[in-house]
Amino acid sequence: MPAPEQAAGGAEPGVLARVFRESSGRAVATLARVFGDLDLAEDAVQEAFAVAIERWPADGLPPNPGGWIVTTARRKALDRLRRESTRPGREAQAVAFIGEPEPEPEAGSVADDQLRLLFTCCHPALAPEARIALTLRLIAGLQTPEIARAFLVPEPTVAQRLVRAKRKIRDAGIPYRLPRDHELPRRLPDVLAVVYLVFNEGYTASAGDSLTRQDLSAEAVRLARLLHTLMPDEPEASGLLALLLLTESRRAARTTPAGDLVPLAEQDRTRWDRELIAGGQRIVRDCLRRNQPGPYQIQAAIAAVHSDAPEAEQTDWRQILALYDQLHGLSPTPVVALNRAIALAEVAGPAAALQAVDNLPLDGYHLFHATRADLLRRLNREPEARAAYDKTIALTENAAERAFLATRRATLA
Amino acid sequence: MKQYLLAVHMVEGEPVPSEEEMQRSYQAVDSFNRELMASGEWVFAGGLLPPDTATVVRSQGGKVVTTDGPFAESKEQIGGFWVINAADLDAALDIAARGSEACGRPVEVRPFQPVPDAG
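Those protein sequence lines, which keep their order, are chains X and E.
Heads up: the first sequence at position 392 corresponds to 392 in my numbering, and the numbers run straight through without jumps.
Heads up: the second sequence at position 15 corresponds to 1015 in my numbering, and the numbers run straight through without jumps.
Isolated chain E (complex conformation) (with noise of 0.2 Å):
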């Protein structure tokens, strides 16, 4: 069983969804989430604040530096993520397909690093 990141992609002004939109969505994600838990496939989900109340933190040598904003200037930004398990990236890839579908946008598949054997 691996790990796979489901990140979901947002596009930095792009046009707002209507609020009916949202609660459509909403209620989509939501029964998605509850058949990951169902059947296991859960680890962990959550969606984001916008990328403007994100804040970068360097720390090199104990000297800390904070800056305001995302770490990358960029228009496509991280919305919100799961976390799911999977046999292999078909298996990931089509939880994202059902994903996708309830959020209404791209979503990256990414595997985890393996985690090292504790044996």
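Okay, chain X solo, but in the shape it has when bound (with noise of 0.2 Å):
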């Protein structure tokens, strides 16, 4: 929060962009459930924050920033209307909303219209990269240059994705409401899974020089946390955001100074984020309790129980195994698989590892390729490990990643 010396001496650019990220995601909602229209919700956001760039620097920060912001979007929403009124189907769209009286800003409606909103954004009748599109840009409040500048796409692709997803939402019909109870099943894991992906584009960044794009996960843990808050009844919620937690609370151990990649084993686990633990611990120990157990929430088990080992030495990898035998049972993917390896081979070596990874149908996946590398060199088959390493070189497309395997490969004899 800003000094009220600083505030009303007049509002810093900082300030402004802080307010705006705070603001414009909680601002789109409730216009959108307003007005029933995503791109005069945007437009008219947009609109009050040129006025706020205009009018705050001068007059400081008005009381409730985010609360001007509506009102002022709201107007603006209005005007377009009355303005466009001529034209038809605009004209009893405006007759229905002038007139009637400002809408109160309750905490509990703005954070359910953020809610039906992310839902929305995060329809399956979308395309995957356009949910993850339009939750950034409209829930996360994020411009589309930045959304581009994340996944490494032309600002073009994501614009065009933005303008097909939002026309997909008017034309196809796309409501703006919560799944009813018996949908939420079926519903919630899409949101989830957008959370989730974006979280991990900004923990290991699929390509580029940097390994991680700390403000993409940032931003994924925001959400996780929207969504732990909004819906506490569901434990996959409060898993997904303990695991967020978890695996965000080890972000400073995992790269040297010069943006190496360190493996968990090899971290530092002092400059591990005792506060992050200490939360996502606290998540694992009331979703254990529920015992409605689901895939987020035993993928955070796992981290809670490698958070719990002051060594690397010290990890309990038997209960990691069962917890992974127990994911697999859920979901019984062949990355679940691989990963419960990993652990397998702490717990019966790398040859018996090895058996459970070389029939997995994924050759296209440079971990996969990573983890045979690995136990194939525990297993001092040199020349097999090698040609391992060549394999996920050739397809790992982050470079603090690609730099590590090839120093593992050269530690081959």
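These are calculated hints, taken from the structure and not from any lab test.
Hints may be right or wrong, so weigh each one.
Under 7 Å between C-beta atoms, here's a sample of chain X residues computed to sit facing chain E [claimed, not checked]: (1) 125; (2) 171; (3) 172; (4) 173; (5) 174; (6) 175.
For every residue, glycine included, the Cβ atom is placed at its ideal position computed from N, Cα and C.
Join the two chains into one complex using the hints; note that each chain is given alone, in its own frame.
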């Protein structure tokens, strides 16, 4: 929060950016509900911020900047509808809103608006990459160039995705409402998956020179917190938040100052963020008490076991393997089987793990070859290990990960 | 209320279902149709004969060209369709899921252009 003197003396550009980030998503969500029109909501919020950029540096921040943005945006949207009321179809829309009393901004309803819009953005009728772009744009308040940079896609591609998705929401009639209780089990995983993908892209960027993009992960953690707060009865929403907090807690230890990757076993655990770990472990304990396990909760529990070990050697691999068995029972995917094998290597040795890995249909997945390479290296099967390293290096697009793998390959006799 | 086309996808060369399966599917579609009529969601529906019965007509400036076969040389063709009324896409997707279950094929959901207001 800015000091009162500073606010009175005019708002700094940094303060504006922060207010924008914090209130844009909420304002768009509220206006989308009131007007039932995403483009109108978004344009009106942009216009309100344009007014803020003009006025606030001179006048100082209003007492409730977020509320000011919503009120101003609502006025802008009504102006637009009045101007366009001569156009067919707009007239009725304008008449319906003009003269209507200002909606009371209640804390609860603002959160509901955001949740409703989040479910719209993550609707299964939209392409997965469009869901991510829409969520970052409308809920997180990221600008199109920021989204393009984060995912290393050209800006026009992101702009195009957003335009198409918004058009489909309008034309196909994707509703702004929370899924009904019986739909929730089917719909919640899509929302959680988007948040998880945003986090992962920020944690290990799929391409580029730097290993991580912290902003993106921070945004995903914020969204996960929102879901956890708004849907306290959904254990998987809690599980996702715990998983993100526990994973995020290792960020500082994951890279050397030069930006090189440090594997889990070699990380300086004193650099793990104790506060994030405590927060994540608390949620994992609540989940265990609730006893409605799901994939995110189990992954969080695995991360919690890692975070319990002050040294890598003290890791309770048997417990981790048992959790992977449970996870594989719930989602029997080759990727889960691969991760299970890593735990198996610690419990039963690399030969058993290699056997479990060898027939997995993951030939195009860089971590499959990275795992095989590591197991073969530990079994002193150098030529095969070298071939596996070559494969994984060829498939890895992140420069920091690639450099790490090349170093490992070089240690082979 | 919006209108949606639910198009049933057929893939050419797919194994033909057994007589028994066909009968079961006819009955399921029939009772699904009756549900749509009872709920007021029904607008129109029909099953189509195979694409090799199709003819394409193209008329431009009075010049008519007629060609044999479906418009698109594709293995995937529309085998039948429903036109339904639904409040929004979620409602349409729910109906489509029931339709797909009944006919045993994937169903494409597509919104109609809105009808311009008369007044």
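Going down the list of hints, with the structure as the test:
With its C-beta approaching chain E no nearer than about 6 Å, residue 125/X sits inside the 7 Å limit, and its interface hint holds. Taking 7 Å as the C-beta contact cut-off toward chain E, the hint placing residue 171/X at the interface holds, the least distance being around 6 Å. Here the hint on residue 172/X is kept, as its CB sits about 5 Å from the closest CB of chain E, short of 7 Å. Restraint check, residue 173/X versus chain E: the minimum CB separation of about 4 Å is within 7 Å; hint holds.
Interface hint at residue 174/X: satisfied, since its Cβ lies 5 Å from the closest Cβ of chain E, which is below the 7 Å cut-off. For the restraint placing residue 175/X at the interface with chain E, the shortest Cβ-Cβ distance is roughly 4 Å, inside the 7 Å limit, so the hint holds.
Violated hints are absent here; each numbered hint is respected by the structure.
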